[in-house]
Amino acid sequence: ETGVTQSPTHLIKTRGQQVTLRCSSQSGHNTVSWYQQALGQGPQFIFQYYREEENGRGNFPPRFSGLQFPNYSSELNVNALELDDSALYLCASSLAAGRDNSPLHFGNGTRLTVT
Amino acid sequence: GDSVTQMEGPVTLSEEAFLTINCTYTATGYPSLFWYVQYPGEGLQLLLKATKADDKGSNKGFEATYRKETTSFHLEKGSVQVSDSAVYFCASREGNQAGTALIFGKGTTLSVSS
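Taken in order, these protein sequences are the chains called U and P. Going by the numbering used here, the first residue of the first sequence is number 29, and it counts up by one from there. Going by the numbering used here, the first residue of the second sequence is number -8, and it counts up by one from there.
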């Protein structure tokens, strides 16, 4: 069973630039969610995708956007990067069947530094 | 809104000591409750969970009981090991619907020395 994999592991960008982070879901999982974990804080929910459509979103501005592909892999895009976007970005996959969600399985994250 | 509060760390213990990490939640309904662990350089791993009042989650010697009357889900372990050193996160999730986010506490760092 292949776990959740994220790429890249580390990334340095300049304020104002755009970034794309990638996530491959665990085999058999059809739902992916993204979390932002600032240093010393707990993860905060950005959004979730189920069958290629966004079906839940946290308190993040529209410059945070995402995609889910037919193979259930996912991308997180952040435009107009700000210094406060520096964080660990975590992807998690699960198997959602109707109203029921299985536990989330997290990847190791992408560490984004904005200078 | 819903929130999770857990005791601030760091918690420093000697091997074989008893561990308690306090966690309380606020919610409008009856959330599921979780403990996740994060080892250095890794993502979060589910440690245990409970989905209704009085349920006890347990795994790897860790336990937590869902207490509705005190809105708590404290993590305990009778005898910690050096390998338990990590950051522990308490989390809640309202209901079980697709698209429902996990709400995390700020995390508690545990350091166990031999």
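No lab work stands behind these hints, which were simulated from the structure alone. Note that beta-carbon positions come from the ideal geometry of N, C-alpha and C, so glycine has one too. A few of these clues could be false.
Said to hold, decoys possible - Incomplete in silico selection of chain U near chain P, CB under 10 Å:
1) 39
2) 40
3) 65
4) 71
5) 72
6) 74
7) 92
8) 97
9) 111
10) 114
11) 115
12) 135
Do the hints match the structure? See the list:
no.	hint	in the structure
1	39	violated, 16 Å
2	40	violated, 18 Å
3	65	holds, 8 Å
4	71	holds, 5 Å
5	72	holds, 7 Å
6	74	holds, 9 Å
7	92	violated, 14 Å
8	97	violated, 18 Å
9	111	violated, 21 Å
10	114	violated, 17 Å
11	115	violated, 13 Å
12	135	holds, 5 Å
Hint violations for this structure: numbers 1, 2, 7, 8, 9, 10, 11, all remaining hints satisfied.
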